[in-house]
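Protein chains: 2
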Amino acid sequence: MSTYKAIKLVKRPAGSIGPELFEVEEKTVPEPAEGEILIRQTYMSLDPAMMGWMSEDTDSYIPRVELGDVMRSSGIGEVIASKHPDFNEGDQVMGLFGWQEMVLTDGTGVNKVDKSLPPEMVLAVFALPGLTATQGLYGYGHPRAGETLVVSGAAGSVGSIVGQLAKADGLRVIGVVGTDEKADWIVNELGFDGAVNYKTDDLGAKLDELAPDGIDVYFENTGGPILDYVFERMNAHGRIVVCGLIADYTSENPRPGPNWMRIIKKRLSIQGFTMPDHWDKTKDLQAKLTPYVQKGQIKYRAHVLDGLESAMSGLGLFLTGDNKGKLMVKL
Amino acid sequence: MSTYKAIKLVKRPAGSIGPELFEVEEKTVPEPAEGEILIRQTYMSLDPAMMGWMSEDTDSYIPRVELGDVMRSSGIGEVIASKHPDFNEGDQVMGLFGWQEMVLTDGTGVNKVDKSLPPEMVLAVFALPGLTATQGLYGYGHPRAGETLVVSGAAGSVGSIVGQLAKADGLRVIGVVGTDEKADWIVNELGFDGAVNYKTDDLGAKLDELAPDGIDVYFENTGGPILDYVFERMNAHGRIVVCGLIADYTSENPRPGPNWMRIIKKRLSIQGFTMPDHWDKTKDLQAKLTPYVQKGQIKYRAHVLDGLESAMSGLGLFLTGDNKGKLMVKL
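In the order they appear, the protein sequences are chains A and B.
Residue numbers 1 to 331, in the UniProt record's numbering, belong to the letters of the first sequence in order.
Residue numbers 1 to 331, in the UniProt record's numbering, belong to the letters of the second sequence in order.
List time: in silico DSS-like cross-link candidates among lysine-lysine, alpha-carbon distance up to 25 Å:
id: 1; chain 1: B; residue 1: K11; chain 2: A; residue 2: K265
id: 2; chain 1: B; residue 1: K324; chain 2: B; residue 2: K167
id: 3; chain 1: A; residue 1: K11; chain 2: B; residue 2: K265
id: 4; chain 1: B; residue 1: K299; chain 2: B; residue 2: K330
id: 5; chain 1: A; residue 1: K27; chain 2: A; residue 2: K5
id: 6; chain 1: A; residue 1: K265; chain 2: B; residue 2: K281
id: 7; chain 1: A; residue 1: K281; chain 2: B; residue 2: K265
id: 8; chain 1: B; residue 1: K83; chain 2: B; residue 2: K5
id: 9; chain 1: B; residue 1: K299; chain 2: B; residue 2: K112
id: 10; chain 1: A; residue 1: K281; chain 2: A; residue 2: K115
id: 11; chain 1: A; residue 1: K283; chain 2: A; residue 2: K295
id: 12; chain 1: A; residue 1: K299; chain 2: A; residue 2: K281
Everything labelled a hint here was simulated from the structure, so no lab data went into it.
None of these values were measured; they are calculated from a predicted model.
Next up, chain A with everything else stripped away, as it sits in the complex (with noise of 0.2 Å):
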């Protein structure tokens, strides 16, 4: 009898993300009954959203993955058995498969993808990252040609997208990133108009010469000092969307906010937003991206990690910020 391997929380983070929050089981490989699918999964999504998934935060937007329970991530899969009239061997499917490298299912959540489109892009650009960068760029930022746009977490997988949206729609993009490699990446291939390494620059001297006009837009993932240097900058009417706070994730002793003065000076809207409250519109969402891709505005890197049991390290990443890209698991 051949068995896979799941990978299931057992301890809540407290300061540091790795292989001692998680435990590797080893499972049996179920047969489908009427009505169910097997998915052999390929392909494992990683994104920061899982810190809030895994913390013991009761007060989290979204349920909190149990101890013991298989730890929840969206992927995309085969299908290499099928009782279930929806579904065909060899299809191409994607869902919160979980650290697994098989999933038994009802098809519940299961959507089929175009074979055609390679995985990496599919969790790049089509699904959560993509969805996000869309959702809140155009519901909240109200981006106009002509404005300057600020973007953390600039080279990573939602900041890269809204990046490349903003500057096709004519904004002046600046983005926000972690090493010089990264700013590299945005400047001279992705086409952002400057970059802002906030370990090593001048944050306020470096924000005021790249966006001499001010800031229109702020889309903020990462949370950090960044978040007051640019809410300094902020121009009359200008909209923040808050994506991500990964900086504050697993911090004991959560920093302040800036003074709230400037919210009125300049009336500014701040937005906080995450996806799973707009899963509805992920057609719409897809729809509107789908020009862009189109047009080969939207460039992506996926950064692989190898086998299952390198989610469990994988996730430090987005606390180091040594991913490059879109971060996956290829199984």
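Following the hints, complete the assembly by docking chain B onto the known chain A.
What follows is chain B alone, placed relative to chain A:
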């Protein structure tokens, strides 16, 4: 030749706001030329926004009052001489008349006001306070029956109207005030569901008691520590309308804001606004207000100071919170 008095701003506030910032001038009453009117101002409005107009900060949203200029304010007056086809002697009019007993003008920005309306009601409800309350509450607060709204500065000119509108719309309304007398007024006269005295109550415990289901809308008029307590009780999809932060206008060390994590977790929307961006909506906002006034749902109280010169020390009441209702000067 008869004279009138005008008050000029001669110094910018630094810590305190009082007569030391102003100079009284005696001027000759002019004769209107062709196309002009002479107005005798009868009531002059004092508003917290004046703190911003007087301050050094050139970063403000409205042109500041220059040193040596007559202090800016809105008011009500009577036309006492007219060589203008649109105005007759005896008309009751409104406009940005400034701190002076007489105004000579070509009528630009001067609006006639129904003589049957008491000037106190015009300044307290249909002018800046009511317009601000209406624009903020309906433009950004999106109140829904059954929700809980907290408003700071709740006995103030804007806050008292915000709370009464929300109450009339079926919300649970909690007001934040600084004296027991104000707490008594908003609960027993205006019908609020509860009051928090930010000077004497245990803020967290009191909010927990009065808003057991959390807070859906926060209308911020004051700034100060109450913001942190309200912020951490905001419900999912909560709206925060930032209308005034008077506690910070004269502060040398602006207090930090709350950590932003809750903005994502609860998908909050935070919107700063000031009425000058919305003057073009004046008629619509007054139309929205009118039925509430006609049904007797909007009570107000006017805190009337006596004589032009009382304005100089009157502004200080905003800082101490000693004004009771809409502050104005009877000339």
